[in-house]
Structure formats: C-alpha cells, structure tokens
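Enquirer: Listed below are the residues making up each chain.
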Amino acid sequence: MSVVDHNALDLAPRISEAEVADYIALLKPRVMSLVIFTALVGLVIAPGHVHPVLAFTSILCIAVGAGASGALNMAYEGDIDALMTRTVNRPIPRGRITVPEATVFGMTLAFFSVMTLGILVNWYAGALLAFTIFFYVVVYTIGLKRWTAQNIVIGGAAGALPPVVAWVAATGSLSIEPLLLFLIIFFWTPPHFWALALFRNDDYARAGVPMLPVVAGPDATRLQILLYTIVLVAVAFAPWPLGYFDAAYGIVSLVLGAGMLALAVNVYRHRTGSRALRATRKLFAFSILYLFALFATLLLEVVVHALVPSIW
Amino acid sequence: MDDNRKPDGIVLTEAQKKSRRQRSIAIALALGVLVVLFFAVTIVKGPGVLVRPM
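Protein chains in written order, with my numbering: chain A, 1 to 312; chain B, 1001 to 1054.
These are computed hints drawn from the structure, not numbers from a lab.
Any given hint could be a false lead.
Stated by the list, open to error - Below, simulated DSSO-like cross-link-like pairs (lysine-lysine); rule was C-alpha separation at most 27 Å, straight line: (1) A:K28 - A:K282; (2) A:K282 - A:K145; (3) A:K145 - A:K28; (4) B:K1017 - A:K28; (5) B:K1045 - A:K28.
As the list claims (entries may be wrong) - Okay, the calculated bits of chain A under chain B, using three or more residues with CB under 8 Å as the criterion: (6) 18-29; (7) 51-58.
Glycine included, every Cβ here is placed at the ideal spot set by N, Cα and C.
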C-alpha cells in the first residue's frame, strides 16, 4: 500500500519556484560582462560606420549568445558543480532550476540570439555566433572538459571569438585585427584559468575534472603558466610593431606584459605555503586587469582618434 | 454551485505564484524588446531590410 502512495507522490508535477535572478545566474553574468566588453572593442575598432541601433543589436545578440552558452554549460555540468565549492551555489546544484529547464532556456536563447543576429545584422556574424555557442557547449563542455588536461587551451577559442563575431557583424568580413584580438584572448586563457585551478585544485580533483594541476601536478602547471605567459606577452605586443595598433597600445601592452611576466615568474618560483597561494591569486587577479586594460586602450585610441579632429 | 468548495487539482503556494508572475513579466519584457528591436532595425535599414546577401 505504501508503495502505491509513493508512486502517487512521484507523479505530482514539480512546480518551479525559480525566480528571474536564478535564470540570470544561469547566464554567467560575470563571464558575459567580459564578452560584452571584448565584443564592443571588436565592433568599435572595425573600419567604417555602424549604425548605433545595429551596433546595439549585435552586442545584445552576442551577449545573449554567451548567456545561452553559460546556461547550457550549467545544464550539462550540474553534477560536477554540486561537488565544487566555487559552483555549489549555482541554480541547478541548489535545486532552484532543473536540468531540462536550464537546457530549454539555453536552447531558446541560443536560437533567438543567432537568428536575430542573422536576420537583423548579417548571416556571417549569425553563423559565427552559432559556431561559438556550439564550440563552447559541444566541443568544450561535453567533449573536452572531462576528457583532457588541454580542455581550457582548446576550449579557450570559444571565449576568444566574441570580438571576431562583433567585427564580422560590423564589416561582413574578416581581417587581421580581429584575429589578433582572438589570439590575445586565446593565449590569455591558459595562464588565467590554470592560476585559478592551482588554488582550486581540491575542487577540481573532487569533481574529477582533469585540469592540468590535477593531472600533471602543480609544478608542471607552473611551468606551463610561465611558457604561455611568455607567448601571450609576445602576441599581445606584436600588433604595435606590425603596425595594426597604435603606440599607446604598444606601451600599455609592454608595461602590463612585464607585470604579467613578473607575476608568472613569481608563481613559478614560489611553490609551497602561503607565498605560493598568494602568488597564484595575484596572477589570477592581475590577468583580468591585463586583458581589460589592453582592450580598454584600443577602445580609448578609437575615441581619441574620433575626438582629435573635432578639437583641432 | 458552492463557492466555498476547494478547487480541484494543483493549488500554487504564494511563493510559486510570485515566482511565476516574475517569470511571466520577464518573458513579456524580453518579447517586447525583441519587437522594438525588429521595428527599430526595419526603420534604420529602410528598404535595405529586404536585401539579404549570403
């Protein structure tokens, strides 16, 4: 008799109490803000004039596409999010939103963001946005993340694409400059996330995610961070001597690149105790500032170029 | 008809009603933004909105 009663209870539909804030959390707002900023730079440095309404539409679609990727990522990773301190308060592990709800939400946003960008702006940009979402969700989240320690190296391409999508939205074509922005973010991703993984090592190990410190150990990760930082600083500096970006960018890139390199050397040298932890936290925090400052300089250069003729 | 009779089926709690109302408003706002966006771009592009090079 009791079995019948239990079955009757199981058949009762689940009524959601999820609030709008829970759905906003699914969009990964902090990641989205970086996507919006880098896409804005890609749009602003693109040659020619873009109507403000089309520019707004492009950035909105890219932002919503990034949010869709975040929601689909959380829908797939509900099991491991529940095991990690950093992610245990996300809406799915907390039971606020179910996996099917998050999946439908993510798919709906992905569909509307791609279609709107394609219809209102251009289909090259729409297709590239669709590819970015596909790459983040299918290639990185489903394919790479639980399989290889190179997950964030290859998966970093998804995070590096938004300025390229924005450039294509503005011009309808590709060029060297957005690819340079792509390379900067691409090579920035490994030192940034491996620094995070170093001080969240226990989290990733508990969840069984094969991040580099879990698989190869902290020392090998420190070496990889240093090597990738050297490449990053060179790649980020190159556009100035190559003539793509101005001197202001070159100087900022050089100064902040030296800071980034010094912090990466610090991480490599200090391997135990509180100094090691402090070094990795500093590198992680500075890497965000580094990327933000590089892109902000590009934005400022465009603003100054636009203002100078009116001043004279 | 007995007006005091309890309704059959599922009765939402206050929390469920509140969150559902919130979500409905958010969906309405999102659809409103979409409509305004399509209208604005149509005005901006003019007849060019029909030109769809691939």
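Enquirer: Now look at each hint and say whether the structure bears it out.
Expert: Going down the list of hints, with the structure as the test:
1. A:K28 - A:K282: Since the Cα atoms of A:K28 and A:K282 sit roughly 23 Å apart, the hinted pair holds (cutoff 27 Å).
2. A:K282 - A:K145: Given that 27 Å is the threshold and the Cα spacing comes to 25 Å, the pair holds.
3. A:K145 - A:K28: Holds, at about 18 Å.
4. B:K1017 - A:K28: Holds, at roughly 26 Å.
5. B:K1045 - A:K28: violated (33 Å)
6. 18-29: Answer holds; 4 residues pass the 8 Å Cβ test.
7. 51-58: holds (count 4)
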